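*Asks:* In case it helps, the working numbering puts the sequence shown at residues 2 to 131.
Don't read these hints as lab results, they were simulated from the structure. Any given hint might turn out to be false.
[Claimed, not checked] Only pairs whose alpha carbons sit at most 20 Å apart, straight line, appear in this in silico EDC-like list of lysine to aspartate or glutamate: (1) LYS123 with GLU25; (2) LYS40 with GLU110; (3) LYS40 with GLU94; (4) LYS37 with GLU23; (5) LYS37 with GLU110; (6) LYS44 with ASP68; (7) LYS37 with ASP101; (8) LYS37 with ASP75; (9) LYS37 with ASP93; (10) LYS126 with GLU25; (11) LYS44 with GLU25; (12) LYS126 with ASP74; (13) LYS123 with ASP21; (14) LYS123 with GLU23; (15) LYS126 with ASP57; (16) LYS123 with GLU110; (17) LYS44 with ASP74; (18) LYS44 with ASP98; (19) LYS37 with ASP74; (20) LYS44 with ASP125.
From a predicted model like this one, the values you see are computed outputs, not experimental measurements.
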Amino acid sequence: MPRVGFNREKVATEWRPFDDGEYEVEVHNAEPYQSKAGKPALKLDMIVLSGPDQADGSDVIGRHLFDNMSAVDDGNAFSLAMAIDCFQVPCDEEGFDSDDFIGCTGRVETVQEEFEGVVRTKIDKYLGSG
Numbered sequence: 002m003p004r005v006g007f008n009r010e011k012v013a014t015e016w017r018p019f020d021d022g023e024y025e026v027e028v029h030n031a032e033p034y035q036s037k038a039g040k041p042a043l044k045l046d047m048i049v050l051s052g053p054d055q056a057d058g059s060d061v062i063g064r065h066l067f068d069n070m071s072a073v074d075d076g077n078a079f080s081l082a083m084a085i086d087c088f089q090v091p092c093d094e095e096g097f098d099s100d101d102f103i104g105c106t107g108r109v110e111t112v113q114e115e116f117e118g119v120v121r122t123k124i125d126k127y128l129g130s131g
């Protein structure tokens, strides 16, 4: 029988937040949606290509990072503007095509934050490509 290469010690059995740091990512999916307040927003699903060694020894390559961003120019769309610049997505005064994010690579900076008693990973900044 063929042997499958798999290091069980490197795979977490439960979800763990990423350590703070910079990660290279590729956008896997970009989905427009309406926020709970009924306003336009965008959800990015990114696959980690590289990043710092994790304190718990787990591997980050292939794991997903997510970000939900307001698409309303009301002072809360700065994350979306940074993501557009980071992934070099064409954007004009009429907007952008969310599919243009898919396959783009860039670097993000993450921080851990606590929300409702749960520590989670937050994308703090979009740093640009390469």
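*Asks:* Hints first: check each against the structure and report whether it holds.
*Replies:* Right, here's what the structure says about each hint:
Straight-line distance between C-alpha atoms of LYS123 and GLU25 comes to about 15 Å, which keeps the hinted pair within the 20 Å bound. Pair hint LYS40 plus GLU110 does not hold up; C-alpha atoms about 26 Å apart against a cutoff of 20 Å. Distance check on the hinted pair: LYS40 and GLU94 sit about 18 Å apart at the alpha-carbon level, within 20 Å; holds. The hinted pair formed by LYS37 and GLU23 fails the criterion: a straight-line CA distance of about 30 Å is larger than 20 Å.
Distance check on the hinted pair: LYS37 and GLU110 sit about 26 Å apart at the alpha-carbon level, beyond 20 Å; violated. At most 20 Å may separate the alpha-carbon atoms for a hinted pair to count; LYS44 and ASP68 meet this at roughly 6 Å. In summary, the hint linking LYS37 to ASP101 is not supported, as the alpha carbons are separated by about 25 Å, beyond the 20 Å threshold. Between LYS37 and ASP75, the direct Cα distance comes to roughly 16 Å. Compliance with the 20 Å bound is thereby established for this hinted pair.
Of the supplied pair hints, the one linking LYS37 and ASP93 is violated, its CA atoms being roughly 26 Å apart against a limit of 20 Å. Using a Cα cut-off of 20 Å, the hinted pair LYS126 and GLU25 holds, with the two alpha carbons roughly 12 Å apart. Straight-line distance between C-alpha atoms of LYS44 and GLU25 comes to about 18 Å, which keeps the hinted pair within the 20 Å bound. Taking the CA atoms of LYS126 and ASP74, the gap is near 18 Å; set against the 20 Å cutoff, the hint holds.
Of the pairs offered as hints, the one joining LYS123 and ASP21 holds, with about 9 Å between alpha carbons and a cut-off of 20 Å not exceeded. Taking the CA atoms of LYS123 and GLU23, the gap is about 12 Å. The hint holds against a cut of 20 Å. Only pairs whose Cα atoms come within 20 Å are accepted, and LYS126 paired with ASP57 is rejected, the gap being roughly 24 Å. Taking the CA atoms of LYS123 and GLU110, the gap is near 9 Å; set against the 20 Å cutoff, the hint holds.
A threshold of 20 Å between alpha carbons decides the hint, and for LYS44 with ASP74 the separation of about 16 Å falls inside it, so the pair holds. With a CA separation close to 13 Å, the supplied pair LYS44 and ASP98 stays within the 20 Å bound. Of the pairs offered as hints, the one joining LYS37 and ASP74 holds, with about 17 Å between alpha carbons and a cut-off of 20 Å not exceeded. Between LYS44 and ASP125 the CA atoms are separated by roughly 15 Å; this keeps the pair inside 20 Å, and the hint holds.
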